[in-house]
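Asker: One letter stands for each residue in the lines below.
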Amino acid sequence: MNGRNVFAVFAKELKDALRDRRTLFSTLIIPTFVIPLLSFGTLGLGSKMVAKARDQKPVVMIVGGDDAPQVAASLAKLGRFEIVPPRAGHEQLIADKVVGAVLLLPADFAAALRLGEVPRATILHYEGELRSGFAADELERFVREFREQQIAATLEAKGLPLRTVRPFELARRNVAPPEKVGGNLLGGFVPYLIIVLCFTGAMYPAIDVTAGEKERGTMETLLCSPAARVEIVLGKFLLVLTGSLTSMALSLGSMGATAMVTGALMHGGAEATVAGAGAGGGSGYVPMIAPLGLLGVLALVLPVAVLFSALEFTIALFARSTKEAQSYLGPLMLVVLMPAIVGMLPGIDLNTTLAFVPLLNLSLACKEMLSGVWHWPYLAIIFFSTCLYAAGALALAVRMFNREDVIFRT
Amino acid sequence: MIEARHLSKTFADRKRGTIHAVQDVSFQVEPGQIYGLLGANGAGKTTTLRLLATLLRPSSGTAVIGGHDVGTAPEAVRRQVGFLAASTALYGRLTAREMIAYFGRLHGLAEPEIAQRTTRLAAELEMDDFLDRRCDSLSTGMKQKTSIARTLIHDPAVMIFDEPTLGLDVMAARAVLRFVRDCRARGKTVIYSTHVMSEVEKVCDRVGIIHGGRLLAEGTLAELAARTGQRDMEEIFVQLVTAEVAA
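Protein sequence lines, in the order shown, are assigned to chains U and L.
Going by the working numbering, the first sequence opens with residue 6, and the numbers climb by one from there.
Going by the working numbering, the second sequence opens with residue 405, and the numbers climb by one from there.
Bear in mind the hints are in silico, worked out from the structure with no lab data behind them.
Since the model is a prediction, treat every value here as computed from it, not as a measurement.
Glycine included, C-beta positions come from ideal geometry on N, C-alpha and C.
Mixed in with the good hints, there may be bad ones.
Here are a few chain U residues that sit away from chain L, every Cβ distance over 10 Å (derived from the structure) [said to hold, decoys possible]:
id: 1; residue: V14
id: 2; residue: L42
id: 3; residue: G46
id: 4; residue: A56
id: 5; residue: D72
id: 6; residue: A93
id: 7; residue: A233
Among chain U residues calculated to face chain L with C-beta under 10 Å, some are [claimed, not checked]:
id: 8; residue: N10
id: 9; residue: E218
id: 10; residue: T226
id: 11; residue: L228
id: 12; residue: S230
id: 13; residue: E236
id: 14; residue: E409
Quick list of in silico lysine to aspartate or glutamate cross-link-like pairs, EDC-like style, CA-CA up to 16 Å [said to hold, decoys possible]:
id: 15; chain 1: L; residue 1: K592; chain 2: L; residue 2: D609
id: 16; chain 1: U; residue 1: K20; chain 2: L; residue 2: E502
id: 17; chain 1: L; residue 1: K592; chain 2: L; residue 2: E407
id: 18; chain 1: L; residue 1: K419; chain 2: U; residue 2: E134
id: 19; chain 1: U; residue 1: K20; chain 2: L; residue 2: D536
id: 20; chain 1: U; residue 1: K102; chain 2: U; residue 2: E134
id: 21; chain 1: U; residue 1: K20; chain 2: L; residue 2: D636
id: 22; chain 1: L; residue 1: K606; chain 2: L; residue 2: D636
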């Protein structure tokens with residue numbers, strides 16, 4: 006094999022691709038600008054909406070409790086709620102988003118308390134509606150505090166200390182380091198993103214250098230040269246791989262940079278990380294990704310990118326036209342995504358069998374590595390098995406390129 | 405030199421079964437000679453030439469080009485061949501100069517040599533005005549000149565032309581025919597396929613008439629005329645094909 010020919014084909018394909026607006030758009034512009042803008046734009050918009058909903062005073066209504074005006078008075082005293090007077094059709098009012106939540110009390114609520122009965126307070130809300138959810142949460146917190154006050158008053162009246170009903174305090178504290186939290190939160194999402202980016206990054210170049218060449222009539226011109234078929238395949242394949250890796254690197258880099266800027270803006274910069282934006286939610290806690298884990302992910306991604314590039318090259322080569330190639334590769338995206346989605350499901354852990362399942366193994370291993378967990382034997386199986394699959398896919402590409410019925414299928 | 409020895413090519417087609425595109429074709433072309441392969445559309449001309457250019461592998465038989473067998477040394481064969489066909493298009497996003505240089509590199513030429521040969525070819529083919537323009541912006545004639553330069557960059561001993569004037573206007577077609585004659589004058593072995601009778605009369609030293617994948621007859625124009633009793637190339641062709649169909 007002549008390496009000079011491989012490089013000549015690659016250099017020509019690269020020059021050709023850099024002059025093609027469609028390739029530039031799909032490989033450079035979309036991953037660098039569009040995907041981060043869309044991701045963080047959507048995330049930012051969502052965060053803004055949530056923050057806005059959270060900042061607004063929940064609109065609530067108290068229905069019943071005619072003999073317990075102190076409930077409404079306590080609620081009003083807090084100043085956290087906008088209380089609307091009770092009126093009929095409160096369920097419809099919640100559905101119409103006029104009221105966020107309604108506190109339903111029996112008409113003789115205070116009397117029942119005095120008699121030692123256990124009256125029921127019910128909070129009505131609209132499941133799935135953000136503002137209604139916030140209103141219900143706040144209302145529930147108020148009712149719990151109110152109940153605590155009632156208990157304290159009752160105990161005090163009977164000369165009993167509060168510890169009679171609360172013998173000990175309960176607290177919850179996170180012991181997971183930030184990178185573990187980040188790994189668990191983002192471990193499923195990052196490989197999903199990488200798989201999508203690797204696949205889409207390879208798609209257009211693969212189509213252009215195969216079905217595109219057939220369509221434009223340049224394939225036969227190239228075959229007239231003394232370059233061996235395997236040299237042509239490798240040169241073209243390297244371009245597809247470059248497209249795949251470039252697209253992924255640009256997208257991840259751009260998303261990382263956007264996340265860092267967003268994180269810096271949100272948390273004053275000190276704790277901002279790739280994982281910072283959005284992942285911390287409203288808790289003020291910023292999860293991180295283990296940097297070594299990220300490196301490990303990138304090492305495992307390389308053979309996957311080779312596998313995708315070779316497969317997409319082979320499939321696109323079979324097609325007569327770019328349109329036909331797109332119709333093959335488009336649906337394949339869904340097939341490729343399935344293992345990544347399965348990997349995100351809780352309860353599925355890496356084992357020897359799953360370490361041989363392509364893509365699913367990457368997904369599961371990424372989750373672990375980003376959490377700082379390194380199962381070396383599994384990682385070795387994943388790396389070498391994926392390399393083997395990638396080599397098989399590349400061999401298939403060469404074989405297909407040598408088939409006259411494929412190469413002259415126009 | 406080109407020597408086709410009992411070349412055959414079959415294709416499997418799901419609808420039509422086995423197609424015998426080329427059957428037992430043998431001929432020989434000497435250096436400094438233009439061999440015309442004359443046939444109607446679908447006669448087997450392109451398949452024969454693709455076999456010679458090693459784009460396809462023979463089902464049986466073989467061909468030897470410049471001492472190399474198409475079956476066992478395809479790369480060595482392609483190093484000696486310049487193949488120009490209506491189906492060999494140019495890369496639209498490359499300039500004419502880049503296109504020529506790319507094929508120079510694939511033929512193993514060094515960069516200074518490529519530059520030197522490109523300059524010479526551009527002068528010979530009057531390409532200086534558009535040498536640095538992208539191929540997708542060139543006229544049909546300019547494209548054909550670029551294709552010719554692409555086939556000549558490695559100075560091949562054998563030239564294979566598959567209907568090179570297809571779709572060209574009169575002036576561009578004349579330029580191509582002039583170039584084909586130049587190749588003969590330079591001692592190259594030339595094979596020229598066409599279905600245009602007048603082109604055969606103008607440029608070919610020997611003619612092979614192909615029909616249904618079979619070589620029906622071959623010889624000089626005078627030999628074919630004597631054999632059929634016809635003087636006009638079209639009449640010669642029609643008589644030979646009609647006789648074959650009747651048989």
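Asker: Enumerate the violated hints, using their earlier numbering and listing them in ascending order.
Answerer: Of the numbered hints given earlier, those the structure breaks are 1, 7, 18, 21, listed in rising order.
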